[in-house]
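Given the sequences, and given the hints that come with them, work out the whole structure.
Just so you know, the protein sequences line up as chains S and B, in that order.
Note that UniProt numbering has the first sequence beginning at 1, numbered continuously upward.
Note that UniProt numbering has the second sequence beginning at 1, numbered continuously upward.
By construction, these hints were calculated from the structure, which means they are not laboratory data.
Treat the hints with care, since some could be wrong.
Facing chain B, from chain S, some residues (calculated, C-beta under 8 Å) [unchecked claim]:
1. 59
2. 60
3. 61
4. 76
5. 83
6. 84
7. 86
None of these values were measured; they are calculated from a predicted model.
Glycine included, each C-beta is placed from N, C-alpha and C at the ideal position.
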Amino acid sequence: MVSEARISDEYADAAVHRMLTEDGSICEQGIEVIRRDSLIVLRGQVESAARRDAIAARVAAEFPDRHVQNDIVVTTVAVPPEPEVIS
Amino acid sequence: MIRVAAVGDVHMDVDVLGRYRPSLEQLGGTADVLLLAGDLTRHGTVDEAQCVAREFGDLPVPVIAVLGNHDHHSDQPREVTKVLASAGITVLEGDGITISCRDAKLGVAGVKGFGGGFAGRCASMFGEPEIKDFVRTTERSANRLQAALLSLDCDVLVAMTHYAPVPDTLCGEPLEIYPFLGSYLLGHAIDAAPTALAVHGHAHAGVERGITPGGVRVRNVAHPVIRQAYSVYQLELPSASRMPVSQGAGRGIDSLSNDV
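Set out below in structure tokens:
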């Protein structure tokens, strides 16, 4: 039997994923939201530190009773070391 | 040889303007062309397109792009395309272009593509009109890609899409969303032509390397996947003994074939 709390969690997860995509100030589809007992872990890659911090702030606002651990990284833009040869 | 640089999913906006530029300005020594595999903007606005134009315009190599789903979000793909074109960026959607690269001719055909899933687990033209429209959209896109690929008169042929043509490069993405990440129909189109390389974006949690059922190398160049400003692929020219790539009526060097 699925508990009421579990059903609620799943709906909350769906809402967070949609919010991160549909909120015009966020607009990220590739962020993983992992819920632990008193913790929410965010993973993924974005193009700037400001975008990373905005996501964490938005999720923290949705879950004010939980600590948000922000493991999102900013993707680097270095020159590739060498080409891949495709023959 | 021809050296193809490629990146997708750069999601430009004012907050990241200039990030790529130092690496892009070194492209002249390492690549013959830069391909942008869609999701160039965050919301598909004209302002964001102008950021793309500033970041990726006026480079030492030709720049060719397809749009992605983010670039359609504001329902302004034509306006976005116009801004990019004004910066010298060629935007492909069911058409192709040929470029002279030293002693060889490179052909690039591109479409955004769409979803639908992969062989054995794909949507079919059955049931409600909405499902039929979904499948029909992908079929049309794949047909346009195939026609564009076959129209180009070139030595080396590259296909570019935003959506994935194979499931290989989606490894790491949740299985449940594969039908929203690509379609086997795009792979089928790529295999119908003598394609040397296919690049795509869209799958941020995927992997870089895959291959079509017909043996065409596929590279997922989504920025979160390659984790560098761009990847460079060195394509060897076919030997004289091999069948020529040209099968159709391309319009020649530096030409667009956008009526396929």
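Here's how the hints hold up against the structure:
Checking residue 59 of chain S against chain B by beta carbon gives a least distance of about 18 Å; that is not within 8 Å, so the hint is violated. Because the beta carbon of residue 60 of chain S sits about 20 Å from the nearest beta carbon in chain B, more than 8 Å, this interface hint is broken. Hint on residue 61 of chain S is violated. Least Cβ distance to chain B is approximately 20 Å, over the 8 Å limit. For residue 76 of chain S, the interface hint holds, since its Cβ comes within 8 Å of a Cβ in chain B; the closest pair sits about 6 Å apart.
Of the supplied interface hints, the one on residue 83 of chain S holds, with its beta-carbon coming within about 4 Å of a beta-carbon of chain B, less than 8 Å. A distance limit of 8 Å between C-beta atoms decides the matter here; for residue 84 of chain S the minimum to chain B is near 5 Å, and the interface restraint holds. For the restraint placing residue 86 of chain S at the interface with chain B, the shortest Cβ-Cβ distance is roughly 5 Å, inside the 8 Å limit, so the hint holds.
Checked against the numbered hints above, the structure breaks hints 1, 2, 3 and satisfies the rest.
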